[in-house]
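Colleague: Each chain, letter by letter, is given below.
There are 2 protein chains.
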Amino acid sequence: MDDKNVKTQFGLTVRKLRLSKNISQEKFAEIVGLHRTYISEVERGTRNVTLINVVKIAKGLEVKTSELFCEMEKEI
Amino acid sequence: MDDKNVKTQFGLTVRKLRLSKNISQEKFAEIVGLHRTYISEVERGTRNVTLINVVKIAKGLEVKTSELFCEMEKEI
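Line order of the protein sequences matches chains A and B.
Throughout the first sequence, residue numbering follows UniProt numbering, covering 1 to 76 in sequence.
Throughout the second sequence, residue numbering follows UniProt numbering, covering 1 to 76 in sequence.
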């Protein structure tokens, strides 16, 4: 999987899980303590998210970080 | 898990898996296409690794990214 695809797949997975919990980007940004624009960029696959924010995002989605990547790997 | 702990736990997990495969830092750096110093910093928990490098590191350890985090979560 090339770099662009990694970011895209991660973003799509975050979006899918967020929507499955009926949380808006604004609400989710508040939950994880990150800016809404940042969340939007992550979901659009334009951000190379750092480890600390990956863990924050997983926590905000109420899944383990491993589960977040399991979900992402299903799509590949 | 606070930010410092996330980096420390990730580094310890990478080191454990690398050593379980009997690969030196030099060899591992070569495999994943990253600098040896960077690998050393990751393992010492001083790097907030990006998503793309997390995936590269997992691939280099011949585990899925989800499995790498499963391993990390065992220690928490």
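Treat the hints with caution; some may be incorrect.
If chains are identical, the list can't say which one is meant, so a pair holds when it fits in one copy or spans any two.
[As the list claims (entries may be wrong)] Pairs of lysine-lysine residues, derived as BS3-like cross-links and limited to a Cα-Cα distance of at most 30 Å, are as follows: (1) Lys27 - Lys16; (2) Lys64 - Lys74; (3) Lys27 - Lys4.
If you're looking for bench data, these hints aren't it; they were derived computationally from the structure.
Predicted, not measured: the structure shown is a model, and the values here were computed from it.
Colleague: So, against the hints stated earlier in the document, which numbers end up violated here?
Modeller: none
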